[in-house]
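Chemist: The lines below spell out each chain.
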Amino acid sequence: MLLSQLKKGEKAVIKNFDIQLIPLKFIELGGLPENLVELVQVAPLGCPMHFIINDTRIVIRKEMAKLIEVEKL
Amino acid sequence: MSTPLHTVLAGNPNTGKTSLFNILTGLHQKTGNYPGITVDKKQGTFHLENGQKVNIIDLPGTYSLNPTSIDESVATKYLLEKNPDLVIVVTEAENLKRNLLLFTQIKDLGLRALLVINMSDRIEPKGISINIEDLEKKLETKIVLTSTRKNTGISDLKNAISDYESLSEKAVYAEDISSYKKWLSETYGAGFIEISDQKKQSQIKKEQHQETVQRYQFVKSVLTDNYTIDKSKATNFDSKLDRVLTHKFLGYFIFFGILLLMFQAIFAWSEPFMNFIDEGFSGLSEFIAGLMPEGKLNDLISQGIIPGIGGIVIFIPQIAILFTFIAILEETGYMSRVVFLMDKIMRKFGLSGKSVVPLISGNACAIPAIMATRNIEDWKERLITILVTPFTVCSARLPVYIILIALIVPEQTVFGFINIQALALLGMYLLGIAFALISSMILSKIIKMKNKSYFVIEMPSYKMPLFKNVFYIVLEKTKAFVFNAGKIILAVSIVLWFLASHGGKTFENAEEIISSKYQNTEISEEKFQAEIASFQIENSYIGMMGKTIEPVIKPLGYDWKIGIAIITSFAAREVFVGTLATIYSVEDPEDEGTIKSRMEAATFTDTGEKVFTLGTGVSLLLFYAIALQCAATVAIVRRETNSWKWTIIQLIGMGVLAYLFAFLGYTLFK
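Note that the protein sequences, when read in sequence, are chains A and B. Add 372 to the 1-based position in the first sequence for this note's numbering, that's all there is to it. No gaps in the numbering here: position 338 of the second sequence is 318 in this note's numbering, and each next residue is one more.
Don't take every hint at face value.
Unchecked claim - A short, non-exhaustive set of chain B residues, derived as facing chain A with CB atoms under 10 Å:
hint, residue
1, F198
2, D222
3, I234
4, I325
5, F329
6, A510
7, I512
8, S514
To be verified - Covered by chain B, per the in silico footprint, the following chain A stretches (three or more residues, Cβ under 8 Å):
hint, stretch
9, 377 to 387
10, 425 to 434
FYI, nobody ran anything at the bench for these hints, they're computed from the structure. Cβ atoms here follow ideal geometry from the backbone N, Cα and C, with glycine treated the same way.
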């Protein structure tokens, strides 16, 4: 499934993404394959999304979350 | 005396790096620029116990040495080229893994690096345990625990700094220092400069990604067994607070409440200070004028330079209050929540959640607001934010609005308590925001630019703001305003003074011309002097300019006197009121009335009709709401966009729009 399809409170493991489309900053903040990710909250209009990855709270837009494959736990 | 140590502070954002800098240097700090770019360079000095002097530079916060913005690139460039004696890498206890990514990169440059683990007061409550000794061995460094919040560990840090020569210069992850440096210097530009060779850029990106992933694996292996977090002990304070502050209704409600409080502060609390400054400077002008012998130098100082400086200083209270608010909101971590709440809404207008801060700041002054657009990663969103920010009602527009509204809107209340003049002023604010949002919507459709739409922000944990940090931010921003905008406003004021007090032959011979005109008539000395002054203004260079543009501004309901005021407004908009005051007072010094009553009485020279009718008033309000009459903003836009094209498009675009709306307003209401 895709990171964007996660529901609030659900956890997943990052699997794969196209490195050409994902900014380096996402990886630097901990968005690496095999890392655990939890959806904390979605902003009122459905975007952006607030995750905890690698003990860091980060916010990305839904379009980007659609580019990241995860495996739900 | 030995030469001072050359040290730098590096670290991720939100680690307390700048707090540490403030504690170490106190007031011995200043802000300059890195050569060639406009990124702030914070540097300071302090002394070690043995008397050794230390120079320290606070590099911009960055997550890695692969920068994605100009600000971040400064850190990489500095570390690659300057060879400091010691790099102090500030990390935080709760997020050591992420922080060590940067630390290992810096170590691999072959620099002596000290590892500071800040926020050590959170180690116990968060259930963290760290094996310092083993980490020091594996990372070839010395570790110092500090808490900038509790002010602990600072003397340990200073001792470690004096012992810097014992630190190793070995790499920890890279196999070879010089090949890592070579690779970094060839690739670090790729993230923030568009490289024309697409294939090369994507190759570099791939390398950077791989390097980061592998480096992370190394960091993970170093931390295994040496760093553990007992999750059960962690209290989830942040999540609880987030539930309220980013709630779908309550979140917005709280945000607008804070905005309201902020505007109340900017306008109501600053008023006594502004009045004090205003009176102080006009008093000073009079004092100097009386002190010095009459002549050109006296005029230049008392009518050009002092009012020019006064025109800058008067904004300091509002700017200081604005930045106090913004600094507190940033320090607490709340600003990132605002970005989160507002991003989707702002994107409907082609802006970013990060455009909120510039648009709020614009309500005090566009200059710091435009500088605050720097953290918007997406260039298109940033450009649009820069282009529309000057529509927000900066405080220089206020005096103009207030006097015009007083002239055309009756002082009445509706429903018994709502003052309709206040309502009109509120309307002007809403109009400013509406213009900003509508134009960004249009611009986002017109501007063809690859929209990368990339947006990754860290939500820092909530913290109580530190007074010291807020104080230094306010001090620094206010200073930057005074020196950046101030220079331009002062220069333009002096030029305008020159144009208003010099003219051609007719100007020089004003006295003779007027005395020959009144040869056979009785006239008081006062009236005679006033006639000369009025004649001089009309025939000064600026009067000629006013007359030249009169045919153009006639359809808007203005005469050449208003034309002069519009030209002088280019120094700063509020000069409008002062200019008209000067023109009308020299015409009729007998009238002791206020500027308002003088403006009310003003008539067109040819027709004798009143100048400030409803039509002219509405037209002027619209003109001042829209036109970009601010030399300092033009200069800052040129600097921040690095392009004359966008600067000129903005200046002319806003000018044409202002003209059209003012014309429409005049035609409808005359």
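Chemist: Flag every earlier hint the structure violates by its number, smallest first.
Modeler: 1, 3, 5, 6, 7, 8 and 9
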